[in-house]
Amino acid sequence: MNEPLLIVEGLRVTYGGIQAVRGITFHINPGEMVALIGANGAGKTSTLRALSRMLDAAGGSIRYQGKEINKLPPHHLVREGIALVPEGRGVFPRLTITENLSMGAFTRNDKAVIESDLEHVFGLFPRLKEREKQLAGTLSGGEQQMLAIGRALMSRPKLLLLDEPSMGLAPIMVQKIFEVIRTVASEGMTILLIEQNAKLALETSQRGYVMESGEITLTDDAAALLHNPKVREAYLGE
Amino acid sequence: MNPLLGSLPMRKTLLGVLAAAALLILPFVAALGGQAWVRIVDFAILYVFLALGLNIVVGFAGLLDLGYIAFYAVGAYLWALLASPHFGIHLPFWVILPLGAIVACFFGVILGAPTLKLRGDYLAIVTLGFGEIVRIFMNNLNAPINITNGPQGINMIDPVAIGGFKFSAPSTIFGITFSGPQKYYYLLLLLVLAVILVNYRLQHSRIGRAWQAIREDEIAAKAIGINTRNMKLLAFAMGASFGGIAGGIFAAMQGFVSPESFSLIESVMILAMVVLGGMGHIPGVILGAVLLTILPELLRYAVVPVQKALFGEVLADPESLRMLIFGLALVLVMRFKPAGLWPSPDRRRELAEKAR
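The listed protein sequences correspond, in order, to chains P and A.
Once you know that position 154 of the first sequence is 153 in numbering that gives the first Met the number 0, the rest is easy, because the numbers rise by one and skip nothing.
Once you know that position 60 of the second sequence is 59 in numbering that gives the first Met the number 0, the rest is easy, because the numbers rise by one and skip nothing.
Okay, chain A solo, but in the shape it has when bound (with noise of 0.2 angstroms):
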């Protein structure tokens, strides 16, 4: 070993400390390419937080979702019309995150308990006409009362505020200066942190293995005493409060919401995420949020660039081809590593057990 690094435990001590300050530090490496690139990583964080909400449904459950962005919608709106000028009013965020959270597991429930009886692709497809079902409902609930202002969305939405401290805009502290981007980078590193803590403490509490006992099957899962019902309800819930959560954040971030942001696209790109960074692996599901947030706008702009540097034109539609890129990464991953990029201990000794 080398005595320079230390024993395992000191070295990993070390590797934290690192990573945390490279966590600290990154969004002033992100400002080096502009606030673009900021607001980037904080959606990012922002995926993460939708991939660990939609893990707990699809991951740990074993529930397929395709209409998770439902929840996220819920949060935004909510946000929207708890904190605009819209309706007139103007919560302050710690009442209308944790009520982000609370209406948004309603929803959950909601959803959850008329797919009981559902498994697998049945369960897909209710899901999926939920989603749609809610984002409709955006679309057209302006008349004949304005309630969501339809497909204009709603406009000058209320940033996170403590007191006056605003984090929309840019402020000084200590002699740094601070951006809007930057400031909320720090609120969701910190809020992602907390949801990291409560999935794995969910994943190792009793919950977490019934529903790894649902997720393999129902019926020995009833079988050995577990109330199959409300576990699942449980994780629809669960997984609904933290996209509420999410989508509250987001309307304040983006100050502005419409029915637009939250397509079928939209929760495809999150189970996307969760499947390909590793289903039910919290540090894999992490990985695929990043990867799938970063990897878009990477292209966005490296497309052009280098088909002028190769071809000295632009031949291809730089959106179409950046599509393409994407989809053809998610086909070769899928083929290569079916499991995920990081699987779980558990995928991965299945693997290597079926290969032998």
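So that you can see chain P by itself, here it is in the shape it has in the complex (with noise of 0.2 angstroms):
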């Protein structure tokens, strides 16, 4: 089997004396799409926020590639293939969606290949292309989402991060940007997925880890944690 793409070991994240975070263990496999569900307060996106270095683990290792990439600044993620789409989309407002994209690709400078990845965003997005002069800012927040994770794309990464796609969309935006992210995932991403909305995390993953009080107190396939009892009852309001 091939080594992890990413590994994380013991990760702790702590605001003042306050543990958000409490050691966690897990791994990503290149061209898997894992997510990490949990409730509202699990340290789901205090996990991703020391994942993305926009902010300091208080311990723990993050092993990418056979790297430590603990301590490295965060500009530094996307040249090592790391991308982040940020919770709440964060979107460039007053920039259109054309320079949103492009800004993703601040960091490389190959451009007849940004050229030709810029028209494969469209590609997965026809509704930015459609809308493609228009500001970020005056966009609907799917169409925002959509962009984000365009714009992560963007930059080539080998790894996507994403923060809670699905927060505050109208469910038929949800199953739209869920579909996106299953055809970005099938030409062989490698995906962590931060989700609230456990049932469509899991239907998309392979595997999946439960994140309760800052530890992970589940893993499995996701198809089976769709089936566990206690997920069901937790998350799957059943």
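No lab work stands behind these hints: they were computed from the structure.
Yeah, the Cβ is synthetic: ideal placement off N, Cα and C, and Gly gets one too.
Careful: at least some of the hints might be erroneous.
To be verified - Here chain A is said to cover these stretches of chain P; the calculated rule only asks that three of the stretch's residues, wherever they fall, bring their Cβ under 8 angstroms from a Cβ of chain A:
{"no.": "1", "segment": "60-67"}
{"no.": "2", "segment": "92-100"}
{"no.": "3", "segment": "103-114"}
{"no.": "4", "segment": "167-177"}
As the list claims (entries may be wrong) - No farther apart than 27 angstroms at their CA atoms in a straight line, the calculated lysine-lysine pairs in the DSS-like style are these:
{"no.": "5", "chain 1": "P", "residue 1": "K175", "chain 2": "P", "residue 2": "K198"}
{"no.": "6", "chain 1": "P", "residue 1": "K70", "chain 2": "A", "residue 2": "K116"}
{"no.": "7", "chain 1": "P", "residue 1": "K128", "chain 2": "P", "residue 2": "K110"}
{"no.": "8", "chain 1": "P", "residue 1": "K132", "chain 2": "A", "residue 2": "K116"}
Using the hints, put the two standalone chains together into the complex.
Have a look at this one:
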């Protein structure tokens, strides 16, 4: 079996004295889509912030392609091939869709390939193509989420970190977004998906981890988790 | 199309030539109203300089800086200390001006470093404090060792001089007599054109794009691989160095500096120029700086005669009436042109889409 792309061991995140993440361990294999699910305040976003180096971990190790990235500054991650789609989308509101997407390729300078990648993203999201000259701030929430994912893809990542892509979106839009996430995954992208919508996340992923009060309490194949009575009770409302 | 005016590029060239000619004869037109007006025009250019510097920080990178005048002060005092009888040092301008830029740049980093994690209101308060600290230092550094000469300020500062050619005294070239302020005008014009050029190049460079991203969303900027820390420091440093150069010229032109010239209201005025003109849009910022320098002066000359003509006597204190009208004008502009008088195409687009 292949070496995992990302190995997290004993990761701890604290805010002041409060432990948000209490030593969690998980891994992601190349080409795999892994869901990290849990209730509000379980520590999912804190985990992702530590992974994307937006905040410093209090302890533990994060190894990516065999290399410790726990001390790397956040802007280096893109060059390593890790792209984050931040929670709440975080598009550049006063730039057009095309400008937002080109910003995603900020660290690259292979102009011709960027051009073809742009077309690829527009192929994934025809809706963005229709509105390419529109300002991102005037898009609907779902379109902004599409844009944020598209922008992350523009850096040609090896690992895509998605933080709550369904948050605050209309159900029909959530379906659309997840369709695209599946497409991206089918192209071979390795994805870590952080979601409150456990059902959708597990249906889309291969494996899943369940987080509770800062700890990983369960892990299994996504399909098995979907049928796990504990998960069904706690997260699927049954 | 009017055949007399020719094609569009032709018209553009013609317009450019006319604008250049207007800029060249401007100090002589202004001199018709007295040398005071030439000096006012000089100050307008100096403020364009400052506003463009602040625009890098506020307009490009989106960092609200209320203490920008501190860098102007640093540049001015550096010139005053290194080219006046105060210490008996008289360095030439080509040494002091770059030095002023470097020292101000250093101060920019000093201000920038502790504020990296602050945004908006919080950043504004820290920068405001920084501006005041610099001014208060200038005011009090006359004891135990007299460095700045305290509130009295430093007098008899050397003018800009190239060899024996002094910018302060009138001289005759090709039979035309240029006054001191007129000569400074050409010097300032040359410098400000360079600054405008640098600003345009910056805006459309990778650095400019990084600033734009930071201004729009800092977390997203980090996520796409921008070193936000260095880019913010660079914005502070570059903005500050423009302020430092402007300060040096200011000291040389006035021949005198004192802490009074670097009060909070000056920072606010420069910010008002940037915002009123059109934040982040270079032509707008230039327009804002020119208007906000000229308008109060026009009012200064107009308030008394207008009152006399209307009421036969001076009813309101001219100074307060002038500021009242000025303030009112600012409020009206912001009410009816919220993106500034000449906003960037982005902002115009944004307002248009919001209005839909």
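Hint check results:
1. 60-67: violated (count 0)
2. 92-100: holds (count 3)
3. 103-114: Result for this restraint: holds, n = 3.
4. 167-177: With 0 residues closer than 8 angstroms to chain A, the segment 167-177 of chain P misses the three-residue bar; violated.
5. P:K175 <-> P:K198: Holds, at roughly 15 angstroms.
6. P:K70 <-> A:K116: Within the cut-off at roughly 19 angstroms; holds.
7. P:K128 <-> P:K110: Given that 27 angstroms is the threshold and the Cα spacing comes to 19 angstroms, the pair holds.
8. P:K132 <-> A:K116: Violated, at roughly 32 angstroms.
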